[in-house]
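Going down the list, the sequences are from chains Y and P.
Using our numbering, the first residue of the first sequence is number 1, and each one after it goes up by one.
Using our numbering, the first residue of the second sequence is number 1001, and each one after it goes up by one.
Since the hints were derived computationally from the structure, they do not count as laboratory data.
Predicted, not measured: the structure shown is a model, and the values here were computed from it.
Careful: at least some of the hints might be erroneous.
In silico DSS-like cross-links for lysine-lysine, where the CA-CA straight-line distance does not exceed 27 angstroms [as the list claims (entries may be wrong)]: (1) P/K1116 - P/K1005; (2) Y/K46 - P/K1124; (3) Y/K12 - P/K1058; (4) P/K1084 - P/K1042; (5) Y/K34 - P/K1058; (6) Y/K2 - P/K1058; (7) P/K1102 - Y/K12; (8) Y/K34 - P/K1045; (9) P/K1116 - Y/K34; (10) Y/K12 - P/K1068; (11) P/K1124 - P/K1045; (12) P/K1005 - Y/K46; (13) P/K1062 - Y/K49; (14) P/K1084 - Y/K12; (15) P/K1116 - Y/K46; (16) P/K1045 - Y/K12; (17) Y/K35 - Y/K12; (18) P/K1042 - Y/K49; (19) P/K1058 - Y/K49.
Examples of chain P residues toward chain Y, derived with CB under 7 angstroms [what the hints assert, rightly or not]: (20) I1090; (21) V1132; (22) V1134.
Every residue, glycine too, gets a C-beta built ideally from N, C-alpha and C.
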Amino acid sequence: MKIDLLAFGIAKDILGYTQSSYMVEHSISIADLKKQLSNQFPSFEKLSKFDIAVNQEYQSDDFELSENDEVAIIPPVSGG
Amino acid sequence: MINIKLTDQELSPSECEQLILDDQAGGHVVFIGTVRNHTSSKTVKYLDFEAYGPMAEKEMHKIAAAAKDRYDILHIVIHHRTGKLAIGEIPVIIAVSSAHRKAAFEACEFCIDTLKETVPIWKKEYFEDGEVWVAAHP
């Protein structure tokens, strides 16, 4: 299925884009999405961590994605 | 009252102070974050802040609401700026008013500490010899 993938900060540099359609397995969990991203882009392994937000809310590793979700890669934040 | 703003325009401490005025207040606390000219021993030229705008505003609102639940405060303002900021400029202002000062001090510190942990905003430091996303790597 297709999700709308957003990337910010260093994640944008790693992916090379801010927003794109991205294909994943139906009902993929966030844990598996993180694995898929790390396999495809090994630079993610070097980060302190990265979180995933779905439709603008943080979600945990067992959360399952739905078609057309807005899925954002959130590397360590550093506002303020 | 809760007032949240994410903007690429200059922030105004006096505007934030005006927003929290209240005859019931015994005091107000304003935290003003500023861009410093160094990280460890390296000279910083400027910073660039990027935000996941809609989510950042939601998270800032959650923090303000949590502060109102936890502390006996009247009004709270959280403003954050994005884009390129020079040394001395203001990326963040948190203003809180309360009947008694302790609640305002504590709420203000809670807000800036939590903002730095949860709000999806990222800063890139630019040095003479390169740039780095802050906190990205261990």
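So, going through the hints one by one against the coordinates:
no. : hint              : in the structure
1   : P/K1116 - P/K1005 : holds, 16 angstroms
2   : Y/K46 - P/K1124   : holds, 17 angstroms
3   : Y/K12 - P/K1058   : holds, 21 angstroms
4   : P/K1084 - P/K1042 : holds, 19 angstroms
5   : Y/K34 - P/K1058   : holds, 24 angstroms
6   : Y/K2 - P/K1058    : holds, 25 angstroms
7   : P/K1102 - Y/K12   : violated, 41 angstroms
8   : Y/K34 - P/K1045   : violated, 34 angstroms
9   : P/K1116 - Y/K34   : holds, 23 angstroms
10  : Y/K12 - P/K1068   : violated, 34 angstroms
11  : P/K1124 - P/K1045 : holds, 11 angstroms
12  : P/K1005 - Y/K46   : violated, 33 angstroms
13  : P/K1062 - Y/K49   : holds, 23 angstroms
14  : P/K1084 - Y/K12   : holds, 17 angstroms
15  : P/K1116 - Y/K46   : holds, 21 angstroms
16  : P/K1045 - Y/K12   : holds, 22 angstroms
17  : Y/K35 - Y/K12     : holds, 17 angstroms
18  : P/K1042 - Y/K49   : holds, 25 angstroms
19  : P/K1058 - Y/K49   : holds, 22 angstroms
20  : I1090             : violated, 11 angstroms
21  : V1132             : violated, 9 angstroms
22  : V1134             : holds, 4 angstroms
Violation of the numbered hints given earlier is confined to hints 7, 8, 10, 12, 20, 21; the remaining hints are satisfied by the structure.
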